[in-house]
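Chemist: Here is what each chain is made of, one letter per residue.
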Amino acid sequence: PPETHAAARERTRSGPAPVTDVAKLCVCDLLVAQCDVNCCCDPDCSAADFSLFTTCSVPIVTGDSHLCSQKAAIYSLDVEANPPERIFKLIDQVNPSVFCIYAANYKQALSFSSPEMPTSENFDQLLKQFGSASFSAEPDRWNVNTDAQNPSDANETYRYKYGVPIQTVDAFLRLPSPVVSSWCSDANPAGFLVNQATKCTRSVSVEKCGNIQAVSMLFYINSSILAVPKSSQMVNITVQSIVVQSLNGMRTLLNGSDVLRLPMILDELCINIVLGVSYHITYTDTGEIIEAAASFVLGAINKEALSVQQSFEISFTQVNTKPVPLSGNPGYVVGLPIRAGFRPQGYPFPVEILFAALNTNKYSQLTILQSTSNQDCLAAQGTRTPVLFGYNMISGCKLRITAAMKCQPLTQTLLDLLKGQSFPEYVASFGNSQAQDVLDWVPITHLHTSEQSDNDRIYNTFQSSCQIPVSLEIEVKWTKYGSLVNPQARIVNVTATITTATVKQLPSGRERTIPITSSVVFTDISSPAEPGYKAWPTIDVKLPFDFFFPFV
Amino acid sequence: NSNQLSSVPLQILFYVNGIYYIFYFLATLAMIIYKSQVFSYPDEVLAPDLALLFIMAILEVPRLYLGSKGNLTEEEAPLGLSLVITVGSVILSAYFLVWQTYVLKADVIINAVLLFTYGLESVLKVIAIAAFI
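These protein sequences, in sequence, are chains A and B. Okay, so the first sequence: first residue is 1 according to the numbering used here, each after it adds one. Okay, so the second sequence: first residue is 1001 according to the numbering used here, each after it adds one.
Check before you lean on any hint, since a few could be wrong.
Pairwise CB distance ranges (calculated) [claimed, not checked]:
hint : chain 1 : residue 1 : chain 2 : residue 2 : range
1    : B       : PRO1009   : A       : VAL27     : 58 to 66 angstroms
2    : A       : GLN125    : B       : ILE1091   : 37 to 45 angstroms
3    : B       : LEU1115   : A       : ALA81     : 50 to 58 angstroms
4    : B       : PHE1039   : A       : VAL27     : 22 to 30 angstroms
5    : B       : LEU1059   : A       : PHE123    : 23 to 31 angstroms
6    : B       : LYS1105   : A       : GLN34     : 39 to 47 angstroms
7    : A       : PRO59     : B       : LYS1105   : 23 to 31 angstroms
8    : B       : ILE1022   : A       : VAL98     : 16 to 24 angstroms
9    : B       : ILE1022   : A       : VAL27     : 42 to 50 angstroms
For the record, the hints were derived by calculation from the structure and aren't laboratory data. Since the model is a prediction, treat every value here as computed from it, not as a measurement. All residues carry an ideal CB built from backbone N, CA and C; glycine is no exception.
Isolated chain A (complex conformation) (with noise of 0.2 angstroms):
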């Protein structure tokens, strides 16, 4: 919306207002609200912090020496004086030379112009003009002693890290997937944490039933994948489980997996084709594979088949813990589902604290009411749709209120419609907060209004009235987080407003419509991003080990 980018804009804070009067200028005085020593023009300093200074470490202070006639600030310590006692100075330099400056008509020449403040809007081109290469500070690299560093890497251990790819004996685990067209390419390396799913075409024939190796169980399987990279220590992979596809395309999932089913031709049909591979590796989280398992998708070709669409796919599990699909990673990604859950009784306990984030259980998701075709709240079944990252969304029903109804179980029934069977209690900061780590998980705060005014509320207390829920609103406040080169959505702040309504006992025969709505809203709180400033380079000077050496 626009008024949050104008405001965004006000936010943004600009540098510091240039100092351009000499009197008021000082190099020296570093210590805020201290005074700095021999800083003759610090205004932290009394008179009895000069009668101890030796020097003054900034005599003078001008302006440009340019010009033909300047201002100039002069310090100078009288020592002489008992006390010494600082002397201040505000005199008119003239610059004796000829080509001094007398007028100067271009305001910018004689100041530095201000660097432009970093926004979201400018932080895209601003990177592009001055953004380049930089230095890394790890001093391991500086070693210019090429024999020093081949000790320091024997010792060093390898580790997984995003993205690098996953090394067989040999060479990559294979992922196959389509390059330029949709034939299946055997040159794609499996990325470590990267959960990746293809699908590619590959070229068959019953004839060469035997020989092409990728249509092959054992092509998938055959080499072991390295723990860590550059080491011997090797894992193999299993076959968790075989599913054999008929021609028809039926399904059935075979009981003993431990057998190698390798492609033979039986009444002109070639079976035990891998039409699909599906890699599970469990990892430890210093980078480490401890497990890797397969799980294939047999099937069979006739005599007129050409090619048959391989699809491909790996996932990764952290050990210990239970694989659970990511919102994203870490920020939230629009559209996917906000991961919630509920405490575990018993906590603060230090027993298993652990979230039931039971995405795969639909119901215990963070879901708000869907408005069905039939717009009866009473009839409706109770279908219910997930909250979706940054998908606002509105959804309700009408209430038939007859005379007939009781005000206590209607109330029950709304806030079972509104928020669903099992409405959860805390939501996941991040797409990829994990159950045990409590301190990502944001509690959802509940909140009641109501929607009549003052009088009528007065005037009601002299009638029996009914509360009934007539709207839920959920508002989602979030926030971006990290680097503005690539930002994470973070929730905040989760309310859960139930607003009610008062409801008149009906006179019998009458019936009354209300309408009842149930809303989620995503609003964005990210405040705007601070430049940040490098830490000082740390200068780091060892002397050589026999520096001393007759001595030592």
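Please arrange chain B on chain A, whose structure you already have, making use of the hints.
Modeler: Chain B in isolation, oriented as in the chain A frame:
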């Protein structure tokens, strides 16, 4: 020689003006080059200064020629035209004195001398025209 109406001081002044202007032009050009090296002098402010200097040099030639010719042939028309061009030269000299991007002390000195010369010339031209009519 009492029939001679041509003004001798004016002619001398034209001669001196010509020589001084060559010096003025070279000095101002050199100082603009110096300023562009030492100070921040972007193209958008350098171009007008250079352009006006060259325009002034181009105006000076007909100005001195017409003035000298008018004075020697005792005609008012060229002298009057020269006076008109002098007005333009005065404005340009005032620009270099006051409104230039960087006005150095040397600029002030040579422009002041040039303006004084123009002023004296204008007075003598008016007197000469009055004598010719």
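Chemist: Each hint should be assessed against the structure and marked as holding or not.
Modeler: Hints, verified against the model:
Our hint of 58 to 66 angstroms for PRO1009/B and VAL27/A holds, since their Cβ atoms are close to 59 angstroms apart. Separation of GLN125/A from ILE1091/B is about 43 angstroms and conforms to the stated range, judged on CB atoms against 37 to 45 angstroms. As the Cβ distance of LEU1115/B to ALA81/A is approximately 53 angstroms, the hint placing it in 50 to 58 angstroms holds. Taking the beta carbon of each, PHE1039/B and VAL27/A are about 23 angstroms apart, inside 22 to 30 angstroms as hinted.
One distance hint, 23 to 31 angstroms for the beta-carbon pair LEU1059/B and PHE123/A, is violated here, with the actual separation near 52 angstroms. At about 44 angstroms, the beta-carbon gap between LYS1105/B and GLN34/A stays in the expected band of 39 to 47 angstroms. PRO59/A and LYS1105/B have their C-beta atoms about 27 angstroms apart, which keeps the hinted 23 to 31 angstroms range intact. As the Cβ distance of ILE1022/B to VAL98/A is approximately 20 angstroms, the hint placing it in 16 to 24 angstroms holds.
Our hint of 42 to 50 angstroms for ILE1022/B and VAL27/A holds, since their Cβ atoms are close to 47 angstroms apart.
Of the numbered hints given earlier, the model fails hint 5 alone.
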